[in-house]
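> Take a look at the letters that make up each chain.
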Amino acid sequence: MLNLSRYIMKRKYANAIKIIFLGAIFTTSFALAEKKPNILTISSTTSTNDSGFYDYIVPIYNKDSALQVKIISVGTGQALEIAKRGDADMVIVHHKESEVDFVKNSHGLKRHALMYNKFVMVGPLSNPANIKTNDSIFTILKKIKKCECNFISRGDNSGTHKRELELWGRIDHTPDSKRNKWYKETGLGMGQTLNITTALLGYTLSDSATWLNFHNKAGLKVFSGNDEMLRNIYTAIAVNPEKYPHINVEQAEAFIKWLHSEEGRNAIVSYRIQGTQAFYIDN
Amino acid sequence: MKNINKKENNTKHQKNFLPLSVNKVSLIINEKKLLKEISFNVKKNNILSIVGPNGSGKTSLLKALHGIYKLSSGSISWGDCSINEIKKMQAMIFQNPLLLKRSVKDNITYVLKIRNNTKSEILNKTNEALNLCNINELQNQQAHTLSGGEKQKLAIARAWVLDPNILFLDEPTLNLDPPSVYEIEELIINMHAKNTFVIFSSHDLRQVRKLSKEIVFLYDGKLIEKTKSKKFFESAESDLAKSFLQTR
Amino acid sequence: MSFLSDAIVSAVYLIANLDRDLIEIISLSLTITLSATLFASVIGIILGSAVALYNFPGRNVFTLLINTFMGFPPVVLGLFVYLLLSRSGPLGMLGLLYTPTAMIIAQTLLILPIIIALTRQTIFEVNKEYNEQLRSLGAEKFQIMKTLIWESRLTVMTIILAGYGRANAEVGAVMIVGGNINHATRVMTTTIAHETSKGNLILALSLGIILILIAFFINFAMQKIESISEQR
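If you're matching them up, the sequences are chains F, L and X in order.
Per the numbering used here: the first sequence = residues 867 to 1149.
Per the numbering used here: the second sequence = residues 4 to 251.
Per the numbering used here: the third sequence = residues 1310 to 1541.
Any given hint could turn out to be false.
Rough simulated footprint, nothing fancy, chain X against chain F, three-plus residues with beta-carbon under 8 Å [to be verified]:
#1 1051-1061
#2 1076-1088
#3 1135-1144
What the hints contain is simulated information worked out from the structure, not anything from laboratory work.
Since the model is a prediction, treat every value here as computed from it, not as a measurement.
In this text, a Cβ means the ideal position worked out from N, Cα and C, and glycines have one as well.
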């Protein structure tokens, strides 16, 4: 310590102290990082996480808690980006084109369809767009566009957002929040977008699981039905360890395998939100 | 962290008198010339006082002698000691002594700690200082709660423990009540008796007369006279000195 | 305003029941925020004092930058640290992403400028007052620095609390580098954001109330320490 103070006195630089402390922190972090148990990092979507699905199914899989399962929940776009950077071991997302792209570019190993539910169009009870019970999703969208009713979009590159854009595309409409004042892009997760939908008494496209689990539904209800275009399929993909050797491929593939096993499939279909089944599997 | 000057510090240094030689000293701060080519010598260990009207440069001269101000030109020498050696052998009591936010005792032990005294040395010297300056009962009190006179005594106690060769005081009894003034004057005499070279500035001419043997009279940054104090009061040479003494 | 009373009732209920998940989240929040405050304080106070007292080339630029960074948006800092710690990033081999350590690092960096800047300003002013006297007593620069820090300890305490406040309040940085992972990196602020997005608004607000209560008690404790030291 005596030499240290002489060094500081001589050079008159506060950087000396700074470097030492940063070094101390660095080594501490290193030490902390070393003590890692077996970790499986899953990059997934807000729709699956906000529905409470992982809180339900992970403990069933990880009975003895030998594994530390980390779920990152962001939009599909961001989830895939995180995986591309090597920060996750596997992804569970719900947008086919992006998934195919992901595997095609060797970021992921193989697509495994897991489960499905549907997208729902929710809107205000007052129903300003005058949607009828058996209207198809396309009719619904046309009516919303016609009445220029508030439509809240995720606007965040998520699976839900991409599906929404595809649906608009089918009726030959390209939503533009600059030209259409009724079309509002939040850039937020499903739950927050639903909050805004409630507040603005507008329409929005949500996944059914998040909607079921959402606690601020006052004033909103579901208007859509079981259109094929509203089917929402969730896929699991293990990240390719070629670029990132640290990827926990074994655990990722073990989990995917379990999800396809009888026990896993039973667990998936047994997940209920407010008494309603949240995810389905075709036999 | 230990004081890196461990080697240089010698608490049992010899208290030799170091003759002072001030040679054409000038001091310019913020483009103001505070001291103008001041020269004088002090060859004997007499209490030296610096007098003059406000703004004449008394405080500046003291600070220059103490090494706080770097000279713009000229030189100051103390016997054959270097500036660094001298620094450790000096102490100064400023006009408003800055006391640390701690107890009276801790203020004293502070200076001993930074000069690397042993625990027993610190204990002994602190007690001596507290007794000498008559502030023993106050030792555990927070320094900022002391009265003006008590603060000044603490400042002197703090300087006393250093056993300095040279002690500077800048208006030591300004705004103090007569009993405190007397006590402090006694302390100054005491320290001088222990072979400390005392240099102080004051507006109190009675005090100057009582304590000092030699006087340096400044006016507008210039040295006007340096004489034996008796001579200064009875038959000052310069007109400025004469009018200074008359207006008091 | 019934939502406020609902939230208060909910908060009381949560505290009374000592909900296990809540305790886990609160203790993680405290660990992260207090650790970050500790590290940032130690580094920041020393660095800030040194910058105040020692002259070095680029000192003015450094001060300008530090003052600017006081208002650094937490979410941007979080993104920066994320990119640093990401497996594709320069420090990826440490495997720190999505761990409490990453959150501590992010928060430390976030509040460091505040502590450096405010300490620098404080010590600079105090030094003007004390410098002559301390040098006269024989103190060297490093000793002066220590003494000035101690003399300004009450202000320094307030600076530390300001740093703590900022760390306690932010959600952007910890969300990005921590991931708000249940039972791993979920803290009070990310939980509040999460519950809000699930539509549990009253619960979210009640957690906010608890968060402020914790900050209140910490400040209260500091104030008590202050008054005790004043009396001595």
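> Next step is simple, just say for each hint if it's right about the structure.
Now for the hints, and whether the structure bears them out:
1. Note: the region 1051-1061 of chain F has 7 residues with beta-carbon separation from chain X under 8 Å; the three-residue rule is met and the coverage holds.
2. Coverage of the region 1076-1088 of chain F by chain X holds. Counting CB-CB distances below 8 Å, 5 residues qualify, and the rule asks for three or more.
3. A stretch counts as covered by a chain when three or more of its residues have a beta carbon under 8 Å from one of that chain; for the region 1135-1144 of chain F and chain X the count is 0, and the coverage is violated.
Figure legend: structure checked against the earlier numbered hints; the only hint not met is number 3.
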